[in-house]
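Enquirer: Given only the sequences and the hints, what does the whole structure look like? Please build it.
Chain by chain, the residues run as shown.
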Amino acid sequence: MTGPYRPKPKWAWFVQRPGYIRFMIRELTAVFIGAYLIFLLVLLSKLGRGEASFTALLATLHNSFWELLHVAALIAAVWHTITWFNATPQALPVFIGENRAPNVLVAIGMGYGPWIMVSAVILWGVLR
Amino acid sequence: MSLGCHACESLLELEFPMALQNDITLELFRYHPETDAEPRFQAYEVPYRADWVVLDAINWIKDHIDGTVSYRWSCRMGVCGSCGMMVNGEPRLACSAFLREYYPETIRVEPLANFSVERDLVVDMDSFMQKLRSVSPYIIRDDVNDTDQGEYKQSPKQLAQYKQYSMCINCMLCYSACPVAGNEPDFLGPAALALAHRYNKDSRDRGSSHRMGKMMEHEAVWGCTFVGECSKVCPKNVDPAGAIQQAKAAAAQEYFKGFVMPKGAGR
Numbered sequence: 799m800t801g802p803y804r805p806k807p808k809w810a811w812f813v814q815r816p817g818y819i820r821f822m823i824r825e826l827t828a829v830f831i832g833a834y835l836i837f838l839l840v841l842l843s844k845l846g847r848g849e850a851s852f853t854a855l856l857a858t859l860h861n862s863f864w865e866l867l868h869v870a871a872l873i874a875a876v877w878h879t880i881t882w883f884n885a886t887p888q889a890l891p892v893f894i895g896e897n898r899a900p901n902v903l904v905a906i907g908m909g910y911g912p913w914i915m916v917s918a919v920i921l922w923g924v925l926r
Numbered sequence: 012m013s014l015g016c017h018a019c020e021s022l023l024e025l026e027f028p029m030a031l032q033n034d035i036t037l038e039l040f041r042y043h044p045e046t047d048a049e050p051r052f053q054a055y056e057v058p059y060r061a062d063w064v065v066l067d068a069i070n071w072i073k074d075h076i077d078g079t080v081s082y083r084w085s086c087r088m089g090v091c092g093s094c095g096m097m098v099n100g101e102p103r104l105a106c107s108a109f110l111r112e113y114y115p116e117t118i119r120v121e122p123l124a125n126f127s128v129e130r131d132l133v134v135d136m137d138s139f140m141q142k143l144r145s146v147s148p149y150i151i152r153d154d155v156n157d158t159d160q161g162e163y164k165q166s167p168k169q170l171a172q173y174k175q176y177s178m179c180i181n182c183m184l185c186y187s188a189c190p191v192a193g194n195e196p197d198f199l200g201p202a203a204l205a206l207a208h209r210y211n212k213d214s215r216d217r218g219s220s221h222r223m224g225k226m227m228e229h230e231a232v233w234g235c236t237f238v239g240e241c242s243k244v245c246p247k248n249v250d251p252a253g254a255i256q257q258a259k260a261a262a263a264q265e266y267f268k269g270f271v272m273p274k275g276a277g278r
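Protein sequence lines correspond, in order, to chains A and B.
Here our numbering is used: the first sequence runs in plain steps of one and ends on residue 926.
Here our numbering is used: the second sequence runs in plain steps of one and ends on residue 278.
The hints are simulated quantities; they were obtained by calculation from the structure and are not laboratory data.
For each residue, glycine too, the CB sits at the ideal point set by N, CA and C.
Hints are supplied without guarantee of correctness; some may be wrong.
[To be verified] Here are some, though not all, of the chain B residues that point toward chain A, as calculated from beta-carbon distances under 8 Å:
hint, residue
1, Asp67
2, Asp153
3, Ala171
4, Gly234
5, Phe237
[To be verified] Derived list of chain A stretches under chain B, where covered just means 3 residues or more per stretch with a C-beta under 8 Å from a C-beta of chain B:
hint, stretch
6, 805-819
7, 912-920
Expert: Below, the structure is given as structure tokens:
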């Protein structure tokens, strides 16, 4: 008599289902966002020390490694944002009377819409 | 015998079940605690019928080949939640997984993942039942009206707030899809938390502060990392992942309310 069989948890659980892999990618993109925030703090600190310090940092960034890192951070940030906007209707359901508003409307109204508007305003401010 | 056209064969089999004698192989997870130190898989050849589900095939094995196979089932129509199993690695109700989804490939049937196995396809439900009980999944009232005072009325709008979460049939597929439930045995889990949220959202209930004590523990709502697979495998579209995220917001609100309101003032 051996009793109930207790399967051991697998250390590589995150590759067992496609949904787990998508989850891990979503979580790992946050690392890029965190790293970029640290980079922005360094940038601000250099700016506070004067023009020479800031331009010296900019000069060191002009190479393919840093450019690739910026592109990767942008892709990661966009992906991370999209995954959470898509999840918004689950976390914040909106009811219109007795009926739940369609998920796509909630995602646009609470996420994509304001995102595009704020981005457009920032772009206008930078390019004008 | 094969006609080379899957749709034609399916139609023929529906009209003339005996015309085509194709078989399909089911590999069943076997474990008998009296004799087995480790589980094993046993293959069975079962007649292929396009209108059969995996549960029909296992019943056929039990009736015609091997009466020692153990498994749970009851309603055969996706209502009772008894026949949850891993079908080719996916948590499914055996009564809703059609053989035609897999034919002609072999179907591997295992007990629900993330549970200990009592025997063959039968898992130990005790931990789930304890978790369910711990969130008081029933309406709690301060007052109890006599029946002659009438029912506790509720508008369709109030019903809509929780109806989706009340559809849970306790089939435990969500626990099998949840990696947190697999790695953290104390995690309260999707179904228990969704049901707790269901009663918290019920306008007739007065027990949310009581339930929140349990839901705010580390192994409860904050243990959920929002992988979201529980909602994908749910046969009743309950969306436990959504319920837990909403419960997180309610738990945070309850926490901050504790600073500004005297104890027991909240509902």
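Enquirer: Now tell me, hint by hint, if it's right for this structure.
Expert: Here is what the structure says about each hint:
| no. | hint | result |
| --- | --- | --- |
| 1 | Asp67 | 26 Å, violated |
| 2 | Asp153 | 26 Å, violated |
| 3 | Ala171 | 5 Å, holds |
| 4 | Gly234 | 15 Å, violated |
| 5 | Phe237 | 7 Å, holds |
| 6 | 805-819 | holds (count 8) |
| 7 | 912-920 | violated (count 0) |
Violated hints, in rising order: 1, 2, 4 and 7; the structure is consistent with all others.
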